[in-house]
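Undergrad: Note that the protein sequences, when read in sequence, are chains A and B.
All the letters of the first sequence, read from the start, carry residue numbers 3 to 434 under the working numbering.
All the letters of the second sequence, read from the start, carry residue numbers 31 to 325 under the working numbering.
These are computed hints drawn from the structure, not numbers from a lab.
Where a beta carbon is used, it is the ideal one built from N, C-alpha and C, also for glycine.
A hint or two may mislead.
[Unchecked claim] Derived, one-sided and incomplete: chain B residues facing chain A with beta-carbon distance under 10 Å: (1) S185; (2) T237; (3) G273; (4) L275; (5) N292.
[As the list claims (entries may be wrong)] Covered stretches of chain A (in silico footprint by chain B; criterion: 3 or more residues with CB under 8 Å from a CB of chain B, positions within the stretch not fixed): (6) 35 to 46; (7) 66 to 75; (8) 248 to 261; (9) 367 to 381; (10) 387 to 398.
[What the hints assert, rightly or not] Across the chosen pairs, the derived CB separations fall in these ranges: (11) A:A101 x B:A152: 50 to 58 Å; (12) B:P80 x A:D401: 25 to 33 Å; (13) A:P275 x B:S188: 31 to 39 Å.
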Amino acid sequence: MFRTVILCLVGILVVAAAGLSAPAPEVLFTSNQLTPVEEQEWARNTLLAGFSRETGIGVRFITEPEGPYVDRLLAEARAGRGFIDVTGTLHGIFPVLVAERVVRDMSDVQRQLEARRDRTFYPDLLAVSRMEGIQAFVPWMQATYLIAARREALRHFPQGRNPMRMTYDDLLQWGQNIREATGERRLGFPVGPRGLYGRFLHGYAYPSFTGAQVKKFRSPEAVAMWQYLRRLWGVTHPSSFRYEFMHEPLLLGEVWVAWDHTARLLPALRQRPEEFVVLPSPAGPKGRSFLSVVVGLSLTRWSPNPDGAVRLVEYLTRPATQVLTLQGVGFFPVSAEAARVVPTGGLKVMADGVSAQAGAPDARTALLPVGLGARTGEFVPIYVDTFRQIAIEGRRIEDVLASQARRLEELYRATNAPCPPPDPAERPCKPD
Amino acid sequence: MDLADGGHQQGKPRSEPTTPYLLVLPSAAYLVLFVFYPMVQAVLLSVTEPRTGTFTLEHLRRMVTDLHFWPALRYTVLITALAVPIQAALALAMALLINTRFPGHPYFLYVCAIPLAVSDLAAGLIWLSLFTERGYLNAILLRVGLLSSPFNFLSYESPGWLVGAIVATEVWRATAIVMVVLVAGLQLIPRDYAETAAVFGASAWRTLWHVTLPLLRSSLQTALIIRTVLAFQLFATVVTLSGRLVPVLAGETYFWYSLYRNPHVASAYATLVLLLSAAVTWVYLRTLRTPEEAA
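Same shape as in the complex, but just chain B:
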């Protein structure tokens, strides 16, 4: 839009329409080569019989009948359903706090964003060192006398604690990305809206609910899409904390490729993750649609 308008002002409307295409060409080429092509190949691998090259549903059947499939699907959805709302709520609270511009808020922002720089594997290891029998958490609880002997948080006998540890790690690791998106979104909202609401005597809560949140909708949508899609790819933290006791879809993709050496079933898992991500994105786009006039 902007580019076309700019072209019109310069009075060379005939030669300009190619410019936007040239500008998006590098990223389009990148997407086709490194995203679209591997995606198509993964889908093809998951339905191709390796010897004859013909169409088959055998790999999908093997995936669905595998011991770990249903638990993996269940746990992926469960962890996403627990972690994403907590992350969104926490991130919103942190973003609103930062937006009050309290003294020292830049430092608060930097400290909160530190986990962004930590890889998910490293995050898993950090939290593992907290939760093991000889970990920091047990050491502290023993020291202050809350426990008389170490408690095993990571035991196959207590899957609740295992899932709790995974969700805690995810919240710690990835809340910051949601927060950064929301802080950016909040800064785009002109102050006049809140001031006008104050003039009409709206409470802080009503201002948040009726003014800020509706205007934040598109940022919230972006943040939720990013987080949920990434949650479906959750892998390293889960494997570090729970081995394969809490299987997840992305983990099964990896195990089928690297342990079982079966790229076909691995691709079937990858395709499933792709479909789930696409479905969730579509739902977010539908339910959190920004009204035309606000765009």
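Chain A with its partners taken away, still in its complex shape:
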């Protein structure tokens, strides 16, 4: 009996040792996207389960907030070896990963994918995937930010104006009309600590009012913008400072008109598609600026299972998977073939809003800042802190802009980073 047990144990050890030398039938995939619990569950049970069924390769999916996510990659890079095969993150984080030699050049993978002739990646997405002389990622998903509103709120929209061509003045008037009619402030923004209001400030308001994200930080146009934002805050729901995902106050009815990331509005549209409309972000004196968010996939330089990793990238960028991703979590496809599939329900409402925003004659695309390296995380708080001092604490606009512009200038000087579009190409970027 005892001998049988020993023999079994030895057998297990031999098999395990053989397993160590053979390529592991598993891919480790990390991301800072799809972090909400529902999205994680969907990614594991639907998206990646499909890949495992098809290929027999298991996928371990680790998704976590940006801080630990990047640290995990950097720790493996510094150790020179590790377990992560594939990583998927925002285009704005890739410069850090390229600088720290985390990700490899994806040109060959891109060529393999294009040779299949079933997916035509949008050229503008491929353009942003190239940095420091390499292709840092294969485009995976894209998203944007726009406005979702309750249908009943449209009754209060300024008379004779078109919501699909909304201006910032219309938005303010809308909020005022609602306040006069109901006595309540029903506009909402995600100003909470993990909310994305900072993106509204640097990617939407600034370029729409001043034509630039950084260059015109303390220009007279910027002063006019901050005066406007102060008035807008006056008709914004007073709990906005703790909102992080706008679908929650929208569904509760605390907020009727909300601006947020598509994925953070979608749950509301999905639950009650007939109650909401999606509208483009407003236009200012310098056009209708909006941020295009690109999420990319890349292999680590030390990937223990590069073949499995490439197969995962192929699966995730395949048009059928892209449609599945749109339906599951509301991230939009990166290829024309996948975009041809017409969605239904809440997604249709969302897709209409997205194309109205991108297709507007005065549309201007802004991109997330790149090149700030390890200090990328400091960019957005400069704008949010400016907002806090001007709108919440009521400090003098010119003084706040002068001191915050110094922080912005120091950040760009220290990192020698270029201005983010639509600012003029200039390195290091310097606010006038």
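We have chain A; now place chain B onto it with these hints.
TA: Positioned in the frame of chain A, the structure of chain B alone reads:
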């Protein structure tokens, strides 16, 4: 002490002195590895220049000049100063009540201890669902006719209500831990003291003041140290209820690490929390010192 005495009785005094050290070795190793080492590392991170590895005060300067630093320090001290005395007083009252052994007191104890099992984030969410515009509190007040339209308790225009909501949540969540420590302390006090006081005609109030409280001093000290140190680490409930409008030190530590991706300034905040906790513990140990003869 006890171990050494035990060794003496067994008549093997020479080999025994190592036993106590062996017994504390696992916890000592744990403390060194998981408490002391990270602590040293945090302090080092907060004064190290990341590129060159040299000493710098730059991170401390950035912390102190940050927009949120002084409000965070102020609010942390304010919330602690409001919540801890309320918790101590309430917990003492509850513990004394339980110590009267009234019928059903075990159930009272269990019910009061329930919040102990709730994580601080969950506690924050529970109280958030009470205080929002569409929350339970507004629903009740509207139903009974005390309000004609919902009142916004969590508004940037009324920081008083925000701090009040945070203190209420903290009192609800953490009074139980103080109570449990005090109940244990009360049960250690022999009944004879109170009976003797009664024989000499002391009123209940005088007995409490001159007999029970002095004997409860070391338990009170432990409870206050635990509560105050934990109050400096207060984070999830505050962020849930107030976002960053009411900044606190532990919250800033988290934001500097996870939003700004700057572990150095985050460590500077963590070191500050450490120093504050150590200072407060020292003050408690000094002021609530147990007299030698009572120990």
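Undergrad: Hint by hint, work out which the structure violates, then give me just those numbers in ascending order.
TA: Violated hints: 2, 6, 11; rest satisfied.
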